[in-house]
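Protein chains in written order, with this note's numbering: chain A, 87 to 399; chain B, 5 to 474.
Don't take every hint at face value.
[Stated by the list, open to error] Some, not all, of what chain B presents toward chain A, calculated at C-beta under 10 Å:
| id | residue |
| --- | --- |
| 1 | Phe218 |
| 2 | Glu239 |
| 3 | Arg245 |
| 4 | Ala246 |
| 5 | Ile264 |
| 6 | Gly316 |
| 7 | Ile358 |
| 8 | Glu363 |
Hints listed in this document are in silico derivations from the structure and should not be mistaken for laboratory results.
Quantities reported herein were computed from a predicted structural model and do not represent experimental measurements.
Just so it is clear, CB atoms sit at the ideal spot from N, CA and C, and this is done for glycine as well.
Spelled out from the first residue to the last, the chains are:
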Amino acid sequence: MNSFPHKHLLGTERLSARDLNTVLDLGDRFGEIAKRPIKKVPTLRGKTVVNLFLEASTRTRTSFEIAAKRLSADAINISGASSSTMKGETLVDTARNIDAMSPDVVVLRHAQAGAAHLLSQRIRAAVVNGGDGAHEHPTQALLDCSTIRAHKGRIAGLVVAICGDIAHSRVARSNIFALATLGAKVRVAGPRTLLPVGLSELGVAVYDRIEPALEGADVVMMLRIQKERFGAPLFPNTREYSRYFGLNERRLALAAPDAIVMHPGPINRGVEIDPAVIEGPRAVILDQVARGVAIRMAVLYLLAGGGGESGVE
Amino acid sequence: MAARAGWSEVPESSRRPVASRDGPFLVDGAGGSFYGRGDLNLCLRGGRVIDPARNVDSEADLLLQDGRVSRIEWGIAAALPPDTRILDVRGLWVTPGLIDLHAHLREPGQEYKEDIASGTRSAAAGGFTAVCAMPNTVPPNDCRAVTDLIVARARAAGFSRVYPIGAVSKGQKGEELAEIGEMKDSGIVAVSDDGRPVMNAELLRRAMEYARTFGLPLIQHCEDLALSQGGAMNEGLVSTRAGIRAQPASAESSMVARDIEICAMTGARYHVAHVSTAESVGLVREAKRRGLPVTCEVTPHHLTLTDEACAGYDTHAKCNPPLRTGADQAALREGLRDGTIDAIATDHAPHSSIEKDVEFEQAAFGMIGFETAVPLSLELVRAGVLSPSQLVALLSNRPAAVLGLPGGTLGPGELGDVTVIDPDVDWTVEPSLLFSRSRNTPFGGHRMLGRAVLTIVAGKVIFAEEKRFV
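Using the sequences plus the hints, can you model the full thing?
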């Protein structure tokens, strides 16, 4: 029955196309629950999901919480401000204490790369990486893939342009790995100060201006500038950034006529993306959020389900 | 590995000397390390004596008397003075006592990681008869009171010799000069703000001039802190995949380039600690060609690991300078082969689980290195990069020459510091069985070939592998 041969979900880098499709297919089925009048199935009744969010998050934490509750799991939220890490406890100690209370899944959001790996080596519960520094955010990439597949009918062969702060983006990394595995042609674009070294060796085409990356793209994915993750100035100011690297309707016209526009949020309106594009017909940004719940239900089910009925056809 | 299994049953305290060094005694009952009698003559019989400084590589007997090398020739074991302990070292390498230019012994101030006794015991077990202690202790070794304490503790411990290195600046803050003259009188052999590069070029100039006044070399940890931004690993494909904040190779080489120019201006002896990039090796090669008094060292881990070791967020592989790429490693090996690099030095940097059992970016830099240095270095001989004699030189007479230290050769009348190496013994690193107080090595579980099996300081055995010599 176990169609997902991983105990933890730490990233998309080591997932096969089969693994990715397993989650996407199940996510499509779980998406149906949101349309029911009673949005709840008993699938994970008696299971405990701890959302350990040691870095600020609204969307992802809420999404995991709703996903757990729709599966009837008990969801406990621990946020950075209320946690004992503020009192000097190490991550490993915090996690071991939580683990002693026998949760089935711990979802970790953390400001440092590798935190979810560390946790997975120290606790019995399944670990879901809810975003670790600039490393990975696998459920975001999965929900992005789900959104692309729903709107385009496929992923293989599509041209996907990921634009903006690639260097500090875990969303970019998880999407690069997942989309490449699923056969998309990935382009990344941003000023050279926001492009990490070695990107081209990951099998993506690298551009330092966004216009050529947008040319004929089927999917445009804009990223927020993660100012909180860098110390040195990497561009003069948001005004100039917006002028050369922001997505507006004029630039979007370079993409394929039926291109979709995505953004993992939070959006900085008028910086990386013009309000007219956000409100325009190409934007699928809120659909991404909706699909996030279904994808996280699929992930929780695969890691905590223990082989029971999914509650959907 | 089986031959060292007995160590684990011996409490650390029982391995310490329990009486003065004058009397003959075994340090522990498990047949491990022991002290020889100070007044006993020692003859190492039938080993392969490798003494690069005198261009010797042949089988011979070695007689140590009164703490010094007395005779070294074939067949003296037959006509020895009475009261001579004979140790059979056939099939083993007999080398000058190994000298480590770069170690952190953590005393004073961080004895929970290591102290001078535990550190020099680990050094002895790794084959080092002398280690240079970096000054980034708490407080730093920036005045003679601290230097005196280090010298006294090392003498009381009685394992490897310790040569303190003094700070360049007060508090290693990079603002004003430390009391270098007085520290020299107390025994420092060089100055360095290791771990904290001297960023201010004017201060570096004055420090070089002042150090030269007292005949001391200046050792620099080369890292432009503005460029490195505190990056936790080497910037490259691996850091990009892992999402770890990283420092570029140019953070090191740009400071090497600047320093070489200031060295040229001041005429001071300048030593680059732990070179790690291809560009740095090239800059040192060029400086030597210009005839400048520039030297450099490399660590065993930079010679044998790459940044791939950080891919799984193993904090034991986090060190500074960071592990670099395969191309850098190849350049380091070439630098050893062609003589650009003067020494292999461990950068032994003990840390406890408090500093290492945390998120990668939060973890402290550094790994322990004394007890794995010889086997890792021997990989270069097996890989055909170095001859046995070249390797021994990089661990003995050449580091001695860098800092003007005694020893490093086995000529008659020289210091009776000797290391015996079994180049072929097959063992597996079990961190809990190492002698350091800390266990932060990325080589846990790695199979090693070769090891120091007997370490002699001033004619006295300070470490012997159990069962082999007892």
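The hints, checked one at a time:
no., hint, in the structure
1, Phe218, "violated (38 Å)"
2, Glu239, "holds (6 Å)"
3, Arg245, "holds (7 Å)"
4, Ala246, "holds (6 Å)"
5, Ile264, "violated (26 Å)"
6, Gly316, "holds (7 Å)"
7, Ile358, "holds (8 Å)"
8, Glu363, "holds (4 Å)"
Figure legend: structure checked against the earlier numbered hints; hints not met, in rising order: 1 and 5.
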